[in-house]
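Engineer: Spelled out from the first residue to the last, the chains are:
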Amino acid sequence: MPFSQRVFCGELTPGDAGRSVQLAGWVDAFRDHGGLLFIHLRDRSGIIQVVFSPEIASAGVCRRAAGLRAEYCIAVTGEIRKRLEGTENPGIETGEIEVMASGLTVLSESDTLPFVLSDKAMTAGAPSARREAVSEELRLEYRYLDLRRAPMRDNLIARHRIFQCVRRFLDSRGFIEIETPILTMSTPEGARDYLVPSRVHPGNFYALPQSPQLFKQLLMIGGMERYFQLARCFRDEDLRPNRQPEFTQLDLEASFVDEEFLYGLIEELTVEMFAVGGIELPRPFPRMTYEEAMETTGSDRPDLRFGLRFVDVTDVFPGTGYAIFRRIIDAGGSIKGINVRGQSGRLSKNVLQNEYAKEVVPSFGGRGMTWMRAEGGRLDSNIVQFFKAEELDALRRKFEVADGDVLILIADASPRAVTSVLGQLRLHLAERLGLIPEGVFSPVWITEFPLFEATGDGGVTSSHHPFTAPDRTDFDPKNVEELLSLRSRAYDLVMNGEELGGGSIRISDRDLQRKIFAALGLDDRETREKFGFFLRAFDFGAPPHGGLALGMDRTVSMILGTPSIREVIAFPKNRSAACPMTGAPAQVKREQLAELGLLASAGTEPMRGTRERENLVDRLSWVARIGVDADERPAVEEALAWAEEMAAASARHAGMEEPVHTVAPVANRMRPGDEARRSELAETGKLLESAPEVKEGYFKVAAILE
Amino acid sequence: MDSVFVHRNQESAPPSKGALAGLRVAIQPNISVVGWPTEAGSRALARYRAVEDATVVRRLRAAGARLCGSTRMSEFGFGLKGSRAGESVAGREADAELVLDLMGECRAAGLRVGVCAYKPSYGLVSRQGIVGLIPSMECCGIVSESLDVVRRVLATIAGPDEFDFSLPEEPPPDFAPAACRPASTVGVLAEARAALPEAEKTVFESALEGLERAGFSLRELTLPDFPLFPLVHGIVGSVEASSSAGRYDSVRYGLRAPGAGNWNDMYLASRREAFGTVVKSYLLQGAFFQFERFASYEDACRIRARLISGMDLLLGQVDLLALPAPGSEPSDGRLREVCAPYAGAMFANVTGQPVLCLPAAAPGGGGIQLAGARRGDARVLEAGERIMNLLRRD
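Heads up: the protein sequence lines correspond to chains A and B, in order. If you read the first sequence in the numbering used here, its first letter stands for residue 3, the second for the next number, and so on. If you read the second sequence in the numbering used here, its first letter stands for residue 318, the second for the next number, and so on.
No wet-lab data here; the hints were simulated from the structure. Glycine is no exception: its CB is placed at the ideal position from the N, C-alpha and C atoms. Please note that the accuracy of each hint is not assured.
Reference listing, derived: stretches of chain B covered by chain A, where coverage requires no fewer than 3 residues with Cβ under 8 Å from a Cβ of chain A [unchecked claim]: (1) 457–463; (2) 471–485; (3) 508–522; (4) 565–574; (5) 583–591; (6) 618–626; (7) 647–653.
What follows is a list of derived Cβ distance ranges for each label pair [as the list claims (entries may be wrong)]: (8) Gly335(B) <-> His663(A): 33 to 39 Å; (9) His663(A) <-> Gly532(B): 35 to 41 Å; (10) Ala684(A) <-> Arg325(B): 49 to 55 Å.
Kindly generate the complete structure, drawing on both the sequences and the hints.
Structural biologist: So, in structure tokens, the structure goes:
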């Protein structure tokens, strides 16, 4: 059956009734009505019902149709007709029509599926086949099947639309897409590099890019003026739930521009991207300096979908009689608080004192918490008697207190600790009290980051990277205090408390760049070693330039509202940075390592486990963690030779039967009782009595790490 | 020579009531009794004392049986090297002994001392509290001079156990002789007969004559896959054993080799000392199948499916099967020699069938195995009793 005339299942409408069509796709579901067979045929565009009726299709077709099973790949010819009244299925887009099949070709058969794919009921009102949630690990192992499911298909199509939107928009603004190398030099991004050994240059390594930072700046020096790339970046970071070792970022750089140009451009682009998901973002995006964000929300990526901004009340208590506050103020500390409006009903004295003051705040690193509840026109608290009337009045004014409000104050000798604790508390309260509105998107630009951070040894380090332009150039590179007061021309785009991306105006003046390196304590020789090729380019007329990078996986995930970024990536790694489908990362042959010169470069001792792999007994002794004595080796070798014979024989004799793992039906019993509890044997210490080594009520073991 | 018992119950026996009142039952030290040494014959459990009673122990006690002690056993009960299983019964120190049957050990033990040995259907007897090695094939067997005692002990210990997650919910069948249609036809597998060395053939034939004299009609049957039982047992058993033995980590019990600087070395060194050469060879075979030839486990499970349905088909044609008794082990040997005598016994562990091993089916004759369909325990025991009665009359 040629596919030239093929039409798509989901695109057929009642207007096509009477038309002869050719379809191809997968059997989503089937239903046998004794002689009359119905199937849901699915392709990427959607699902349509196909009917095999002995009145229309030949006996041969009907016989082949009776053999169809879920996910067989088939081609069908037939005629569209309107469904009989009362048999429409509103659950699928083509529910008013069906195809009366006259021809059927089974293109390929499918094994039994590891999980059910179909989620569309075949008749109106019937429950769909998919009842149980499938584990993500299984979905990732059979990702190609998972992709056949509507949510994954829709996510990838939406991702494509968003990427197309980016390309179209940037093209219309004169940006050109340029690829930068994947095999490159280590760049100064702060995370660990993935290294690729060079066979031709033994002992030398390429690094996979953490971002195309240096290349995009070189493209500006190369006169490309406006560049973008949907770039794959790699970071070997510690495992975190919503991170991938490789990810896609929109990388963008422009010459002869300033911050305002970039804000306008990115805001327009962001509005268009979110519009693909049906989300309207208001422009212009508000801006907030880093300092303001930290002082009022305790975070440099504030979630502005709700209030709970901090109010500084240190100046309310200069001569207070409350000794704790007075000591903190005398030590140069601060007192800040938030007004949780109208929540006194849910934040009772008991909750505030026993839960928040005793447990929640200490878990955030706080040393104490003061609470007050506004009731009957006055503030009530367990320590209210220590405060003067004018102090309470000042609090009421500053927090604009109304009855039903709850004030939470954090005081600490370290102002940084105050904002840190309050910042965590702010998010905790918003979550717990349901103060975060659904369907609201609050973008904000965070600006004026500190250019440098203090290092432990009295020096400074770049907060962003050393090519970020400072807000002024007349500083003394030896004056640490002045360096720490410098702001950078960097900006982050934050949405709902998540950083979508960030960038900066870069340094284009070589003298200024030298001054920055001097401030970082790098001399000429060191800078040449680290960034030589890059700095040399600035000697040839570098244009002023700046840019930004947006995390596209995270942005798409937010637009589509998926629970994790893995839902918007076709073949992601799991939480352990591994791929359950391919088995990557995997061990390689020792010869391969030798060829790359890696056996020599790892020092005199080969990697743990590699030498053991040479010999079968050593290899198995290592994986099974069972040491084998020299005098046992002949016996073990004989057993393994026998095992090899058995393996060959089992392959010869294995038939097609379903494997049996147990001869009795499996009971799947649960331990009686519905609560997790500590075993009595553990409580009484009986469990420990036969242990070879015990320490303070625990089993004692050797160190886990070498 | 070592004593038969490694532990004797010193408590005085109070007068008891119940189905097994006054019955003395010996166990092996792989069955947990609170406070009893439970080393399962392995240094991997050195100095281990049980902290909970096994389900079979609770049931035996509740029925009035007296646990008289535990007998010397091989490492994890795999093979009979160093084991004194069965001798408590032969020496009249116990009326019954529970012996774990991994590949036929319980049957071989009974044969060795000339008493009956019975491996029940898989899935009848709880394994909770029993130090096992091959979860899908091992079964707590019963050695006794009297099949009536075997039946009463079985009826006591059988049945679902909320603490054994692998035991099916099936209620235990009625084991009473009256509850079954007595067997009349007995099948003899041509392949099992053919595998016998010449010297043992006459012994088996005389046992078969005994069956005929007891009124059974014999039929020759064929199961071409019969020689594959040891193959399936070898692969599935060693894979399961190597997984089961993962728990012997020298943390919660057993030996800890001194001086290990880290976790990996602690494992390697402790487990080097913990396992004997035979068990170690077996565990490394399991590791070989899991890490080097993983397809072979799945292949073996496919063959296992074929063997189970093959046996089922045969037992649709005859009531019971008669097979030669297992051979005897060399006193010292490597893994292959240890397993070899059980080649004709492993089928029952692979399929989960009940098997009765009688020391002789005819006066002066050799031993024989009588196997039934899974959960057809009553018929097997009833047939065995008829043969025993005949022997007694003779």
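Engineer: Now tell me, hint by hint, if it's right for this structure.
Structural biologist: Tested hints:
A stretch counts as covered by a chain when three or more of its residues have a beta carbon under 8 Å from one of that chain; for the region 457–463 of chain B and chain A the count is 0, and the coverage is violated. For the region 471–485 of chain B, the stated coverage by chain A is satisfied: 8 residues place a CB nearer than 8 Å to a CB of that chain, which reaches the threshold of 3. With 0 residues carrying a beta carbon less than 8 Å from a beta carbon of chain A, the region 508–522 of chain B misses the three-residue requirement, and the given coverage is violated. Remark: the region 565–574 of chain B is confirmed as covered by chain A, as 7 of its residues place a Cβ nearer than 8 Å to a Cβ of that chain, reaching the required three.
With a threshold of 8 Å between beta carbons, the proposed coverage of the region 583–591 of chain B by chain A holds, since 7 of its residues qualify and at least three are required. Interface restraint, the region 618–626 of chain B with chain A: holds (8 residues with C-beta to C-beta distance below 8 Å; minimum three). Residues of the region 647–653 of chain B lying with their CB closer than 8 Å to a CB of chain A number 3, which satisfies the three-residue condition for coverage. Between Gly335(B) and His663(A) the C-beta distance comes to about 37 Å, which sits within the given range of 33 to 39 Å.
Range check, His663(A) to Gly532(B): Cβ separation about 40 Å, and the 35 to 41 Å hint holds. The supplied range of 49 to 55 Å is broken by Ala684(A) and Arg325(B), whose beta-carbon atoms lie about 31 Å from each other.
Comparing the model with each numbered hint stated earlier shows that hints 1, 3 and 10 do not hold.
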